[in-house]
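Chains as they are written, first to last, in full-length UniProt numbering: chain S, 1 to 653; chain L, 1 to 653.
Please keep in mind that the hints were generated in silico from the structure rather than gathered at the bench.
Please read all numbers here as calculations on a predicted model, not as lab measurements.
A hint or two may mislead.
A pair holds if it fits inside one copy or across any two, identical chains being indistinguishable in the list.
To be verified - Straight-line alpha carbon distances no greater than 16 Å define the calculated EDC-like cross-link-like pairs of lysine to aspartate or glutamate that follow:
(1) Lys-320 x Asp-205
(2) Lys-219 x Asp-7
(3) Lys-643 x Glu-69
(4) Lys-508 x Asp-581
(5) Lys-165 x Asp-268
(6) Lys-264 x Asp-122
(7) Lys-50 x Glu-607
(8) Lys-508 x Glu-331
(9) Lys-646 x Asp-217
2 protein chains.
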Amino acid sequence: MTTELADVAPHLLQKERASATFDVQSCIDVIRGPRDVQARRKVLLDLIMKDPVLSDRKMIYRNHTQSYEKALEKSHAYVTFLKTNGITDPIEKELVYRSLGEPLPIDVHRSMFIPTLETQTDDEQRAMWLSKANAFEILGAYAQTELGHGSNVQGIETTAHYDPKTQEFILHSPTITSRKWWPGGLGKTANHCILVARLFLHGKDHGIQNFLVPIRDPKTHATLPGVTLGDIGPKIGFHAVDNGYCAVNHVRIPRRNMLMRFAKVEPDGSFVKPPSDKLVYFTMVKVRVLVVLLCGQYLGQAVTIGTRFSAARLQGTSGKGKPENQVLDYENQQLSLFPYIGLSYACYFTHQAIDQLYHHVVAQFDGEMDLEQLHMLAQLHASASGLKALLTEEVGNGMEAIRRACGGHGYSASSNLPYLFSVFIGACTFEGTKDVLVQQHAAFLLKCLRSPVPVTKKAGLDLLGFLRADAHSKCDATTPQQLREPQVLLQAFQVRALKLLLRADAAKPSLHHLTQASLAHAESIVLSCFYQGVMAVSDPKLQAVLLELWQLYGLWRIQANLGEFRLDDYLSSSQGAWSQDQLLELLRVVRPNAVALVDGFGFSDFELNSAIGRYDGDIYRALIERTTHEPLNDTDVTPGYHKWLKPLLTSKL
Amino acid sequence: MTTELADVAPHLLQKERASATFDVQSCIDVIRGPRDVQARRKVLLDLIMKDPVLSDRKMIYRNHTQSYEKALEKSHAYVTFLKTNGITDPIEKELVYRSLGEPLPIDVHRSMFIPTLETQTDDEQRAMWLSKANAFEILGAYAQTELGHGSNVQGIETTAHYDPKTQEFILHSPTITSRKWWPGGLGKTANHCILVARLFLHGKDHGIQNFLVPIRDPKTHATLPGVTLGDIGPKIGFHAVDNGYCAVNHVRIPRRNMLMRFAKVEPDGSFVKPPSDKLVYFTMVKVRVLVVLLCGQYLGQAVTIGTRFSAARLQGTSGKGKPENQVLDYENQQLSLFPYIGLSYACYFTHQAIDQLYHHVVAQFDGEMDLEQLHMLAQLHASASGLKALLTEEVGNGMEAIRRACGGHGYSASSNLPYLFSVFIGACTFEGTKDVLVQQHAAFLLKCLRSPVPVTKKAGLDLLGFLRADAHSKCDATTPQQLREPQVLLQAFQVRALKLLLRADAAKPSLHHLTQASLAHAESIVLSCFYQGVMAVSDPKLQAVLLELWQLYGLWRIQANLGEFRLDDYLSSSQGAWSQDQLLELLRVVRPNAVALVDGFGFSDFELNSAIGRYDGDIYRALIERTTHEPLNDTDVTPGYHKWLKPLLTSKL
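Isolated chain S (complex conformation):
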């Protein structure tokens, strides 16, 4: 009789779940929030899965053009879905949108165009445009980045000259590189855009302002005169979005199409300066805090797939005649997965803490800020920048490491790991690349180092506590086990961050030193947010397991940056070696709960869309089923055979 490995795989996952020492639902409650929210989420997901258009998960078979066309259908179906099911709550709308599995051409309309109208228009403008935008009567893009300038917004070349005679702005792209480049939806979808341009009044430069510009005919959708539009072509991900370009050739718009909540231009062309605009900070912080959540979600999905596959997969033996091992039992596989289970939880807990702090600061804001509030906002802004830089980088690397650990099945699109990576990895670039963010972050930390600020411990989170650490201390662990102790780990990360900041301060300005200081500080925030999150868990069995995972995460980061932790021998050579032993030991400790820990993220099979990451472990039948969707398999003999292959095979060349 033959053993069917295909049948063994599901049993292996059942065995894993039976060996878990905690209740998975209790973990899902921690990550996903109250049960009624979870139930509602399930209802909505079920509705989406029943929708003939929105349930589509065949993204991997389409090129950019096909993806875009399909996504127009999905955009239509999404709006219809909201109406049909009476969904008006912004959180529920967001939930439905995120569940579609790919960003749509209306992505930037939702996430940037409408919010900009909400925050940057005066009351009259708001009344004029916002309801139209919400009803999709005007569909917008946010056109800031140019071919020549991304990170350096001050370098933007597009001009807006005011003509007092006609009370119009004349918008112009004076150079090749001033062409707007990248904005989502700008190429083919949007009929308006918010154009970011440099304002000139009577020839005088008044800096960067926002203008609402019609770009396509509302009746025919044809590009308007003076405007050049198109799609910039394929990218790593976002295949369904028409990231576009736009050039304007002396295009005139009415004076009141400048967004005037803050700066204003009077009819005679005189300029009214904006009051200092703290709201810009709020928006940037909000987006970066959201990215931290996305980090948890994408890495969580990837490591769910990788861990389940590794548990269901048998490969290789420990000696001749012995049964095959679960791949999850190999130490290297554990090292490729468990730290990333840890990092996923770290992202979730960090998001919870930072989001709470953000709302705390927002709640206090009533248009004015005292110095302490202002400093709190600045701390939050700087830290969120550093966190975004650190976590997008680490999560991107992690998703790829997990994919490689799944071998050939990870290289196949059926695993969905390549697709998840392609969608996520844009986060390393958009909303500030790492190099720009770490500089902002480190510059702020240096300022705090040089002129210390009063301790402000708001919402349970002390972002600058590391400044009070002792830079001359040494790690006082006298046994390997002591390296797991929370105070030992937390202190090690704080001292490291302080040491690197001091070095960045002492040295000639070195971007690399600033970068190390930023990343070290961000990592110490992550470690303490993760720890506080674990401490707040009420279920003791779950808490115990998460604490082990936290220790594993901390020791892994020490290993990955051992040179920094050994600076001035803060860790001795022996302590460094102990930290590795403890990390390897913790792999074995976490092993029995690995599958339960990824189950604890609560992703559905529909969301994961992975043949090898299925909850039930029936991975081999799923892989075979997937091949029926490949268009090449619609015929036995491929259409190209007669034209190209037959002449080759019959030597008719």
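Use these hints to put chain L onto chain S, whose structure you have.
Chain L only, in chain S's frame:
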């Protein structure tokens, strides 16, 4: 007057080239070999660029199905091209094939099917099949990997039972997981395959053997009875290849279709054991040595694109009112690029050294081997495994790091960085994943540690020299500059490798410790091959620059693994800090030659296929030109507008 940044970009690259301190052609000679070979390469490339089919570079617009169909046309054109231009030399054929920019459906036929027929058939079989295969009368796949087994070849489930009555083998896929899975060309293209199956004679297991199996009708190309074939669907790369699946249901083939150069089955079903087969080692070594070259070529292309872009791109200022900086002047950008220029050269030089050693061993082989020769082959095999594991991982990470360093323009397919990555990254998986290779490598090193072998320094390369290092020594650099000295750097890597091997030996068997030992040894080989390559350069100006690059590479690896180099305080804390200072210092030293160093790889614009990596630096016009190829731009108003977007915009939902 407006400054056209688009015109500044080319000037910046000219400026870079003017500041180089060495002759680029002299560098190309080192990498590409004799001038006549270079000239012939140029002739062939020019011919390909003129070919209406083979000059195609629009891979990024196609999905898997479209890529495959196009690739059949290219396969036809490739064979026609060889005939038309009278190209018969295997090296030239390979050169043409590699210049096509994507693997074709005939890839495995060329690289695995024919070579297997060459090495594994007896003379009669060879006469029967090889010329047919060379003439494409039979088109083959190499079907080893199964759905359930990849790395563990001994776990293969497909069976071949011999029937002495009819003198046939009965081939069968007894389980779901025994289905062949992954072989290139197996899905739609091949009409034969070499099927790897477990041989049973009179019910007795005789292990894994190779069988030549017809799978498609030679006249109609229809799948033959008893065979199930198909494509496994999209992957990260290799879109143009029909990686396939194959199940066989009691398919009968003649006895003589087993490949019988080594093992044989007599008509009565008796088994003739193979003599110990050293050729298998040769094949594996050959492929892994080739992968080292591919590492240099792919990383070289990526870093050429990244470096030229960073030189041509201006972004940000060092203070208000100051002109914008070249991105290449930022320290972080240099850290994302220069070490990978170094690693690319390291791969080229390592390939040259290992390839030379391989040919040295092959030349000595006359069917028999003495113990020393055998040990040399084993050394080569183990080292090539470790090098493949190390370099594919590092190069994959490097390509992605370079891409991220190019910001949005790196995320766009127009840079070609995503495409290059997608083609290369399969190398981390095929021909042995990292975890399997490092184990083989480390196991061999442990054996050598336990029973030392006589020094065999062949072809100038002492692969096991690190075993004679002093594990108890400390780095004796007393000034920061001394850390750059060749003997100091080379010794540091050897001591580290030995220390890690000793730890792997002392500890309970830990896969992680074995991995560290393998990678450290491989890295010390790379460092010394790179060094020897530089020492052999005859042009003193070029040699001086390459030596700086070598120092930069070495110090970068120390920084990346500082914890390992500080084990037992081999490097003190001060020396660790010095190594970072020296690395940053070397960035400034290498900076003026950065563009010349990537020019020195000698890639043509056609090969790079990158809008932002052009030799002439005219990147912005090239990016705009690229958008004309995007099918979405064929019409102003997208076809989906009328059906999906209009109802949305006119509130007709």
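Now for the hints, and whether the structure bears them out:
Only between protomers do Lys-320 and Asp-205 lie at most 16 Å apart by alpha-carbon distance; the minimum there is 15 Å, versus 78 Å within a single protomer. Taking the shortest alpha-carbon separations for Lys-219 and Asp-7, neither the intra-copy value of 58 Å nor the inter-copy value of 39 Å comes in at or below 16 Å. Taking the shortest alpha-carbon separations for Lys-643 and Glu-69, only the inter-copy value of 10 Å comes in at or below 16 Å, while the best intra-copy value is 30 Å. Taking the shortest alpha-carbon separations for Lys-508 and Asp-581, only the inter-copy value of 11 Å comes in at or below 16 Å, while the best intra-copy value is 37 Å.
Taking the closest pair of Cα atoms, Lys-165 and Asp-268 come within 16 Å of each other only inside a single copy of the chain (8 Å); across copies the shortest separation is 104 Å, beyond that limit. Only within a single protomer do Lys-264 and Asp-122 lie at most 16 Å apart by alpha-carbon distance; the minimum there is 10 Å, versus 87 Å between protomers. Taking the shortest alpha-carbon separations for Lys-50 and Glu-607, only the intra-copy value of 14 Å comes in at or below 16 Å, while the best inter-copy value is 47 Å. In this homomeric assembly, Lys-508 and Glu-331 come within 16 Å of each other (Cα to Cα) only across copies, at 12 Å, whereas the closest approach inside a single copy is 42 Å.
Taking identical chains as interchangeable, the C-alpha atoms of Lys-646 and Asp-217 lie at most 16 Å apart only when they sit on different chains, with a minimum of 12 Å there against 51 Å within one chain.
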